[in-house]
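Letter by letter, the sequence shown follows residues 1 to 274 of full-length UniProt numbering.
Any given hint might turn out to be false.
[To be verified] Just the calculated beta-carbon pair ranges, DEER-fashion:
#1 Q81 to A29: 40 to 48 angstroms
#2 L169 to F14: 33 to 41 angstroms
#3 Q100 to E241: 33 to 41 angstroms
#4 E76 to P32: 50 to 58 angstroms
#5 V75 to R35: 46 to 54 angstroms
#6 D77 to E212: 33 to 41 angstroms
#7 P250 to C70: 39 to 47 angstroms
#8 T176 to E241: 22 to 30 angstroms
[Said to hold, decoys possible] With a Cα cut of at most 20 angstroms, we get these calculated SDA-like pairs of lysine to any residue:
#9 K57 to G27
#10 K216 to R236
#11 K57 to W188
#12 K216 to Y233
#13 K57 to P173
#14 K216 to W258
#15 K216 to D242
#16 K57 to F46
#17 K216 to P254
#18 K216 to Q251
#19 K57 to L96
#20 K57 to T156
Source of the hints: derived by calculation from the structure; they are not laboratory data.
Yeah, the Cβ is synthetic: ideal placement off N, Cα and C, and Gly gets one too.
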Amino acid sequence: MSTSLQNILFGLLFLTVLFLVIERGLGRARGPLLRRGWLTDVGYFFFTPFVTRVLSKAGLILPAALLVWCGVASVEDFRQQSYAGFGPVSRQPLWLQGVQIYLLADLLGYWSHRLFHGGRWWAFHAVHHSSEDLDWLSSIRVHPVNDLVNKFIQVTPLLLLGFNPWVTLSTAPFFTLYAIFLHARVDWDFGPFRYVISTPVFHRWHHSRQREAWDKNFAGLFPVWDLIFGTFYMPRGRVPEDFGITEDFPQHLPGQLWEPVRRLWVRKSGSVDP
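Please construct the entire structure, taking both the sequences and the accompanying hints into account.
Structure representation (structure tokens):
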């Protein structure tokens with residue numbers, strides 16, 4: 001068994017135990033342990049690191065190549081991880097760059113998320129919204145195209161602005177781990193901090209099929225973006241329910257990978273979608 005596969009198995013076991021404590025113990029969630037769609041999500045748990053993550057990393061070659069082409073970095077700089085950015089922003093303390101990077105990455109992620117809620121992009125994001133029983137494991141249900149575009153939109157502008165690339169790239173694992181928590185089956189809204197940082201209730205409203213919650217709560221970390229752009233929805237005294245999408249969509253991994261591509265092909269060819 002390869003080390004990477006061992007790490008994935010360990011990660012699955014560790015997160016399963018951790019969220020059993022969080023959801024069933026602290027959050028007092030009820031219902032069957034093996035809920036609808038769990039096998040599909042386990043499939044994504046293995047598919048994502050071997051396929052999706054590789055494609056997303058490949059997508060970052062373009063901004064790195066632009067930096068090399070512009071002469072602000074060399075291939076050797078990236079190989080040795082000695083490149084630390086360029087221009088005025090790179091001369092700021094790392095902690096200050098970190099604050100700016102996480103704020104800007106979340107703002108870019110907000111608009112990338114909104115992009116995927118409309119037009120031809122929706123089918124790729126519908127994969128993520130297809131979970132009808134939302135919990136921590138359903139957070140991993142993401143189409144590779146969705147992940148690739150999100151990462152590209154979030155990271156590329158920051159690299160081209162001259163921020164430290166290693167602090168910039170640290171946003172990816174952080175946002176991934178925090179997204180897992182946001183999908184947890186708990187009714188936590190952090191009380192007075194509900195407007196400061198995204199919470200499970202905040203994000204679970206985003207996944208609700210209830211009409212008043214459609215196209216709300218796009219931020220991954222800071223709800224201030226939803227407050228500014230008028231997409232914040234978090235009524236007091238209520239919790240989200242009835243998750244999923246209203247359209248017919250495959251519930252197995254191969255079908256979910258192919259369906260958005262099929263719809264895009266149908267749209268381009270001008271055929272009638274059956």
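Legend entry - Index of numbered hints that the structure contradicts, given in increasing order: As far as the earlier hints go, 2, 6, 9, 11, 14, 17, 18, 19 are violated by this structure, in ascending order.
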